[in-house]
Amino acid sequence: MSDDLILGMAGSGGDGVVSAGESLLAAASSEGYHAMMTKSFGSQIRGGESSCRVRVSCRRILNPGGVLDVAVALNWEDFFRFGAELPLGSSTLVIHEEKAGPPPETPATRPLSRALIFSVPITEMAKKAAGTDKAKTSVVLGLVSGWLGIPKEALLRGLKKKFGGKGQGLFEANERALASGFEYAQTHPLAEPRVLSRPAAATGPKLLCDGNDMCAAGAIFSGVEFFGGYPITPSTEVMQILSRELLQHGGVVLQAEDEISGIGAALGASYAGRKSMTATSGPGMSLKTEILGLATIAELPLVILNVQRGGPSTGIPTKPEQADLFQAAFSAHGDVVRPVLAPTTVADTFSTTVEAFNLAERYQTPVIILSDQEIAQRKETVDLIDTSRFTLERRLVPTGAELDGYQRFRLTESGISPLSHPGMAGGNYLGAGIEHNEHGDPTASGAMHERMNEKRFKKLEPLKQRKDLFEVLGNGNAPYALVSWGSTAGVTREAFELARARGLDVKLFVPTLVYPVAEQVYQDFFASVRAGLVVELSYQGQLYRILRMFVDVPKGVIPFARSGANPFQPTEVLEKLTELTRAES
Amino acid sequence: MDLEAKPAPNRTPLQPKDYKSDLKPIWCPGCGDFGVLQALYRALSAIGREPHEIAFISGIGCSSRIPGYTTAYGFNSVHGRALPIAQGVKLARPELLVVVAGGDGDGFSIGGGHVAHAIRRNIDLTYLVMDNQVYGLTKGQLSPTAPKGLHTVTSPFGSLEEPINPLLYVLAYGAGFVAQATPADMPGMAALIEEALRYPGFSFVNIQSPCVTFGEEEQQLRAHKAKMKPLASLGHDAANQLAALDLARAYGKELYTGVFYRNPAPPPTYDALVQARQAELIKTRRPRERALDAYLQK
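Residue numbers (my numbering), protein chains in the order written: chain A, 1 to 585; chain B, 1 to 298.
Hints listed in this document are in silico derivations from the structure and should not be mistaken for laboratory results.
Just so you know, these numbers come straight off a predicted model, no measurement behind them.
Idealized CB from N, CA, C, for every residue including glycine.
There could be a bad hint or two in this list.
[Claimed, not checked] One-sided and incomplete, this derived list gives chain A residues near chain B with beta-carbon spacing under 7 Å:
#1 Phe221
#2 Glu245
#3 Val252
#4 Ser261
#5 Gly264
#6 Ala272
#7 Leu294
#8 Ile385
#9 Thr387
#10 Pro422
#11 Gly423
#12 Leu430
#13 Ile434
#14 Asp441
With the rest of the complex left out, here is chain A (with noise of 0.2 Å):
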C-alpha cells in the first residue's frame, strides 16, 4: 500500500493523455483524495506532443513530485521530449503501448527494473473493445483502475460525464475499452502489488481548479469592474473567465488591439474610479511597462497579472520559469517602488488577488501579481474558500471639505491622499505623467520632484511591517534555512518537512510580498543562520540577487537556481541542502 501516487503519461497531441489525466484527477478528487495535475505541452496548436503528471495523495500535496510511480509511454519519442518533466527511477511501474517496443536504453532508462515494464496491446485493445484506437486512454485508465486501486466506478463517472453529451454508444465503447484495460490489470497482476490507500475521513468538499481560475474568483470577489487585456498564454484564462462573468455584473472587459491599449484602457478605467486590472505573461510586461510608469506618478490603483513563462522573449511560453522577478521589481523608468505579490499555490492566488486589489486601493498604486505558469495552469484539489478572513477596501476619496480647494496630490503624514475621479464635482484636477505639484499642475522643480518621490515611495514603507505577507516555519534559532517564492514554494516546503523529519534544525522562509523587500522581515530571519539555500527557477536566481541588494545575507547562504522548464524535486534540494550542512560542520 502506498499514500502517495505520481503518475505521468505523454503522446502525441491527439492522444487525449491530457484529457484522460483530467479524468483521473476528477476521480481522484470525487473519492476524497488530494490531486494535482500539472500538463505540458510542445508549443503547437494542435497535435506535437503532450503529456501530464498526476499526483494523487491521501495526504495535501505541496507541489506534483518528482520520481514517477507510473510512467505511461504511448510512444517513446514524445515521452523522451518530456525530459525532467518525466523523470523514471527504480521503483517506476512502465507502462508502454506495445508497439512502441521497450524503453530504449538511456540514461533516462537506466534506473528502470525490468521487472516493472509492462508491454501492453493498448492500441489493440482499444480497437477490440471500443471498435477506435481513440479510446487508448480509456484502456489505460482501466489499467491505472486494476493496478493502483482507483476506483473503477468513479473513473467511470468521469467517462459518462465526458461522453454522455455526445452519445451513449461512445461512452459505452470507452466503458468497454476501460473494462478491458482493467482486466488486463486482473490477470497480469503485480508481484508487489501498488495499491493506493483509501483517503481518511472526508475532509470536505474540494474544488477543482487552477490558478487562472482562482486569480479571476479572487478578482471577481475583490470587485473588479474593468479588465483590459490582450490574449497571451499562459495567462488569456483570466480574461477568458472576466469576459464570461463581468457583464453580468455590471462590468467591462475589453479585448484590446495589443497589451498597450490593454494596460492603458484598465488605467483610464481607474482613473475613472473603478477597480481595475489587466493580465500578460513576460513580453506582454514589457510592453505595459511604460503606462505602469505612468500609474506610479500619476498614483492610480492597478492590478496587473504576470503569469511568468520561459523567456526571454518568446522563450518556452508553454512552460514555467522565476525569471520575470527583476522585471516586476525594476523594469521602470524612473524611481520607482511597487508592490510585487507571488501566489506560491493555486489555492493562495485567491488571497494573493484579494490582497492586490486591496493594496493597490489603499496605496493607490500599481501591483504586480507574478504567477507563474506551473500554479497558473496546474489543476488540483483546494478547499473551499473561507471568505470571512478578507477585507475588501477601496481607494480615499475626498470628503466635502477636501474638495473645497481640492489638492489631488496633497503632501501628507501617510503619503496617500485622497483621490477623485472624473464625474465627482469639484474633485476635477490634471492627472498626468507629468511631474506635479499639490494641486496637480506641472512642475520641473527639483525640491518638489523630491518631495513627491518621497510620497510616492513613504506609502508603501508600512507594507514591509506586514508580517502576515511572510511565511517564516521552524525553529526561530535554526542555523540552517531554505528560502523559496512562487510555485517552487511548494517542492521548498516539502523539502523543509524532509529535512526536519531527518533531525535538521531549519527554518523556512517564504515571501508573498517579493517586492520592495522588507528588510527588517530577512534581517531577523537571517540573524541565526549559518548557511541555506534560496531555491528557484532562474538561471541568475533572481531573488537571491534582489536580497543580495538589501540585506545583509549570510555567506552560507547560496542561491540553489535553475533556467526554467526545469522543475525541482523535493529531495534534490534536500540533498543539496543537506550537503551543504555536511561541509558546514
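Got chain A sorted already, so can you dock chain B onto it with the hints?
Positioned in the frame of chain A, the structure of chain B alone reads:
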C-alpha cells in the same frame, strides 16, 4: 450657429471662461493651439456640460498640454496612448463627455496603431488632432504628416517618405464624423468642434494648427487664410462618404475646411451596446456571489 445656446434648466448657463483654468499655456506666442483652446472653450460652453462631467485625455506633445488649460478633469498621459486610456474612461463611466487631444506625431506615429481600433470600436468620444507637420516639443524633427522632401533637423537633406494622410486614414477605417479646421477660421473651428462633440460615436477633427517656431511658411495662419476652402462652399454633401474620400486625397495640397463626412444614420456606439448587453444579461444574471458559488465556503 448660436454657440451660447441651450442652457440647462435652473442653472446659470456656463460661459467659455468657466472652462478656462488658471494654468498659463507653455505654447509659443502665436501658436495655433491657442486658437484651438479658445474654440474648445466656446464649443464646450455651447454643449453646456459641467466641467466635472468632462474627461479630457491627451498624450504627449505641445498640443497634449491642452487638458491642463481647461477646468475639466484632465489626463495628460503618455505619448501615443491617449485613445486607449480615453476608451477605458468612457467604458467605465459612459455618462462622461470624453474628449481626446494630441498632435500628429502622437496620433499617427507612435500611437497610430490605436486609431484604427478606436474607429472600428466606435466608442463615443471626440478626437482632436492638432496637426502641424512637425515635432515641436522636441524642437523640429520630421513628423508623420510632414510633406515629402521637407528639410528638418532629422531630415537635413529632405525627407524621403510620403506623409500619412490623416483624413484618408480615418475615413478609410469608417469613422462616422470627419472634419478639418484651422484657427484661421475661429467661428468655423468652434462650430466644427461642437458638432464633433455632439456626434454620437467616434468623431475626428483634424486641426491644421500652425507651429510658429518650426513650421513652414505655407503652414502659417496667413497662408491658411489665403488658401482655405470651406467644403460647404464647394457644394460637398457631407453624407457622401465616397465624395469625402475623394476630397480627402487632396490633403497636403488643398486646405479644405468643414465636415468631410458625417454618417447620416450613426450606428449604435460600442459603449451603448455594452450598456444594452449589461442590461440584458442582468435579467438572467447570476449575482456576483453566485459567480463565486463554486469557490466559496457557505
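Outcome of the hint check:
no. : hint   : in the structure
1   : Phe221 : holds (6 Å)
2   : Glu245 : holds (5 Å)
3   : Val252 : holds (5 Å)
4   : Ser261 : holds (4 Å)
5   : Gly264 : holds (3 Å)
6   : Ala272 : holds (4 Å)
7   : Leu294 : holds (5 Å)
8   : Ile385 : holds (5 Å)
9   : Thr387 : holds (6 Å)
10  : Pro422 : holds (4 Å)
11  : Gly423 : holds (6 Å)
12  : Leu430 : holds (4 Å)
13  : Ile434 : holds (6 Å)
14  : Asp441 : holds (6 Å)
Hint compliance for this structure: every hint is met.
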